[in-house]
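If you're matching them up, the sequences are chains A and B in order. Sequential numbering of the first sequence, starting at 3, is according to the working numbering. Sequential numbering of the second sequence, starting at 711, is according to the working numbering.
Hints listed in this document are in silico derivations from the structure and should not be mistaken for laboratory results. Treat the numbers as computed from the prediction; the structure is a model and nothing was measured. We put the CB at the ideal spot given by N, CA and C, even for glycine. One should not assume that every hint holds.
[Claimed, not checked] Here are the simulated DMTMM-like pairs of lysine to aspartate or glutamate, each with C-alpha atoms no more than 20 Å apart in a straight line:
# : chain 1 : residue 1 : chain 2 : residue 2
1 : A       : Lys458    : B       : Asp809
2 : A       : Lys380    : A       : Asp394
3 : B       : Lys761    : A       : Glu567
4 : B       : Lys780    : A       : Asp136
[As the list claims (entries may be wrong)] Partial selection, computed: residues in chain B whose CB lies under 7 Å from chain A:
#  : residue
5  : Gln739
6  : Thr744
7  : Gln750
8  : Asp751
9  : Ala756
10 : Gly757
11 : Arg758
12 : Tyr771
13 : Gly779
14 : Gly782
15 : Arg789
16 : Ala790
17 : Ala794
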Amino acid sequence: MTTKRGALYLARLAMVVLVATACSMSSTSQGGGGGTGAMRTSMSEPAGAGNDWMTYHGSYQSWHYSPLTEINPDNIKRLQVAWVHHPGRSTRGLQSMPLVADGVLYYTGSYSRVWALDAATGKPIWSYFPKLNDDLVAAQTHSPYTRGIALGQGKVFVGTVDGRLIALDMKTGRPAWDTKLVNSEKLTVGFTGAPLFVKDKVIIGSQGGEWPGRGPIFGVDAASGRKVWEFLTVAGTEESKKTWGNDSWRTGGGGGWMAGGYDAESNTVWWGTGNPAPLYDWAGFEWKTTGPRPGDNLFTTAVIALDPDNGRLKFYHQELPHDAWDFDSAVGEFVMLERDGKKLVVHPNKGGHVFVYDRKDASIVNVWQLTKHINFVKSIDPKTGALIGRRDLPLGKHTNLCPAIAGGMSWNSGAYSPKTGLYYKIGQEWCMDLEVIKTTPVLEPQAQLDIGANFKLRNPEGDKAHGHLSARDPVTGAKKWEVMFPEPPLASLLATGGNLVFVPDPRGMLRAYDAQSGKEVWSHNNGIGHNGGIISFAAKGKQYIAVATGWGSLVGDEFGELFGEPYKSMPKDAGAIVVFTLE
Amino acid sequence: MLGILALTVALSLGPAVAWAQDRAAEAAQIFASTCGFCHQDGGRAAGRGPKLAGTDRPDDYLLNRIRVGKEGAMPAFGRAFSEAQLRALVVYIRSLKDDAR
Chain A
3 MTTKRGALYL
13 ARLAMVVLVA
23 TACSMSSTSQ
33 GGGGGTGAMR
43 TSMSEPAGAG
53 NDWMTYHGSY
63 QSWHYSPLTE
73 INPDNIKRLQ
83 VAWVHHPGRS
93 TRGLQSMPLV
103 ADGVLYYTGS
113 YSRVWALDAA
123 TGKPIWSYFP
133 KLNDDLVAAQ
143 THSPYTRGIA
153 LGQGKVFVGT
163 VDGRLIALDM
173 KTGRPAWDTK
183 LVNSEKLTVG
193 FTGAPLFVKD
203 KVIIGSQGGE
213 WPGRGPIFGV
223 DAASGRKVWE
233 FLTVAGTEES
243 KKTWGNDSWR
253 TGGGGGWMAG
263 GYDAESNTVW
273 WGTGNPAPLY
283 DWAGFEWKTT
293 GPRPGDNLFT
303 TAVIALDPDN
313 GRLKFYHQEL
323 PHDAWDFDSA
333 VGEFVMLERD
343 GKKLVVHPNK
353 GGHVFVYDRK
363 DASIVNVWQL
373 TKHINFVKSI
383 DPKTGALIGR
393 RDLPLGKHTN
403 LCPAIAGGMS
413 WNSGAYSPKT
423 GLYYKIGQEW
433 CMDLEVIKTT
443 PVLEPQAQLD
453 IGANFKLRNP
463 EGDKAHGHLS
473 ARDPVTGAKK
483 WEVMFPEPPL
493 ASLLATGGNL
503 VFVPDPRGML
513 RAYDAQSGKE
523 VWSHNNGIGH
533 NGGIISFAAK
543 GKQYIAVATG
553 WGSLVGDEFG
563 ELFGEPYKSM
573 PKDAGAIVVF
583 TLE
Chain B
711 MLGILALTVA
721 LSLGPAVAWA
731 QDRAAEAAQI
741 FASTCGFCHQ
751 DGGRAAGRGP
761 KLAGTDRPDD
771 YLLNRIRVGK
781 EGAMPAFGRA
791 FSEAQLRALV
801 VYIRSLKDDA
811 R
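Just chain A, with the same shape it has in the complex (with noise of 0.2 Å):
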């Protein structure tokens, strides 16, 4: 760093020192109504945001829910566009979920451009493009999108896919801080993820499940940019050391590459990683000994606690181990809960199963099954999550594994409604036939995946690869509705107080169900693919709904070549944030 740009990070630290401070005043006296006040409040309160949407999960619960009642099965006919802003760029589609705070809503496009704009027109106040590495985002293969942001301290913060960390004033868009957490260059990976606001600390986790990195997750001094802690994911301890053989663990993955959960209760901060690299791993039934990386590679396709301070982790549950599957659990969602006076913490993992957790250990509490085409494993105990029955794929050919690579469920998140109790879930249906390849394990960073298999995605035998969107009872499983999808829906879930649930579906559709009937009540042609976030907000006294549209997300990509058209034309380069409210 000049000395130049040291004297003016010192001013700008000093300004940002004066908004917290002014922050926290306001928060003391309007109670809650504005500034960080209303920031603090929103993430923490288990009914949701209220007027704002001031974190990725919507809380710190991961509900996805807004408590706003003014749009309801019975006014829904009314819903019409409000305003409409293109980010241009939107290279794979919007991906992001926009975060709105005191009337103005905050929101990325592909290669980390943010947004400030008037929440009720959608006038811009300020925008902020990085000036990105090209060559770099040229070359990597889960690029260029960012998936959102993070607010606090009166700061946005947004990650790059070339590793940096970057906080922008929220009334100006002025760079805070920018700090280079992850060598891109040498890794290919970066940031697509928000990062989570805790505390005093921003926290973001690493792409990383086909390159070997160590999939770290940072813990950043929300003042001054500075990494406070960072948690490799990756035999992160002496004990997770020994379940990669052969000092396998430089094959590395395990990026917890979405946002997680927090439990202000017990201070802790939950997490999910990503898979081992080489996904596939020829040495079959014999993983414990032989192979590429033989052993449970800790703490890969986990669900890992940390502590916000110091990134030290309490404790963890490997949801799969020895993934050999690529099902990992880098999901976010971790959806908090009480039950029998239970605090449990549900976690969807990509293979299919939710796995219920006791937040005080991450002890099994129930695994149930969402998706119905399972054969990657033949059950998991629901008392225990051992796995039972594993398919282990040797070197050779193997037909019909399901689900398929894209797996039961992806990252967009579901929703959970506190009014009707139930859990809202995109599960996906399909398979594939492969042939697991011996390859040369990847043990030194370059520009190239470390998949080990070639595949062809296929239908399940007997039935027909789409989606549904199912109500549930988070913890049991039971369900209560269901609508079927000829294609999976990628995009997040809304649940509202006004007694619905929204699904931007692949198609273009924006569709709105009865929350406690599952009944379609609306409708509307956004006119591209979804897969990204939605949210609602409350602006100038009325209640807004607004989705990120664009299509072209590394699952979605599959769809031109498994279900034909509409996929097969559809844009991955257009996208915009479609915002909608009662006329």
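Add chain B to chain A, keeping to what the hints say.
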């Protein structure tokens, strides 16, 4: 399987036999590590990316596309692979039998 592939590739190339034998197996491995994620069934079927078996694109076009990629669709692998590996990948693609034809 790989041996047969290498042999097939080698026989079809005439003067480049030795070179192809060295590279074909490696190319098949690289493909399964990196390329098969998008070009399904080892390049014999479309997926996220197009089917490669039977492509009518010239060698130079394929080489260039692997090197520099295509924004929003295909990453650039010019930094990841050596020139010899890039050429071996093209040989691998040419060796794929196009069942649909």
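Each hint, compared with the structure:
{"no.": "1", "hint": "A/Lys458 - B/Asp809", "in the structure": "holds, 15 Å"}
{"no.": "2", "hint": "A/Lys380 - A/Asp394", "in the structure": "holds, 12 Å"}
{"no.": "3", "hint": "B/Lys761 - A/Glu567", "in the structure": "holds, 17 Å"}
{"no.": "4", "hint": "B/Lys780 - A/Asp136", "in the structure": "holds, 13 Å"}
{"no.": "5", "hint": "Gln739", "in the structure": "holds, 5 Å"}
{"no.": "6", "hint": "Thr744", "in the structure": "holds, 4 Å"}
{"no.": "7", "hint": "Gln750", "in the structure": "holds, 4 Å"}
{"no.": "8", "hint": "Asp751", "in the structure": "holds, 4 Å"}
{"no.": "9", "hint": "Ala756", "in the structure": "holds, 5 Å"}
{"no.": "10", "hint": "Gly757", "in the structure": "holds, 6 Å"}
{"no.": "11", "hint": "Arg758", "in the structure": "holds, 4 Å"}
{"no.": "12", "hint": "Tyr771", "in the structure": "violated, 18 Å"}
{"no.": "13", "hint": "Gly779", "in the structure": "holds, 6 Å"}
{"no.": "14", "hint": "Gly782", "in the structure": "holds, 4 Å"}
{"no.": "15", "hint": "Arg789", "in the structure": "holds, 5 Å"}
{"no.": "16", "hint": "Ala790", "in the structure": "holds, 4 Å"}
{"no.": "17", "hint": "Ala794", "in the structure": "violated, 15 Å"}
Of the hints listed earlier, those the structure fails to meet are numbers 12, 17, in rising order.
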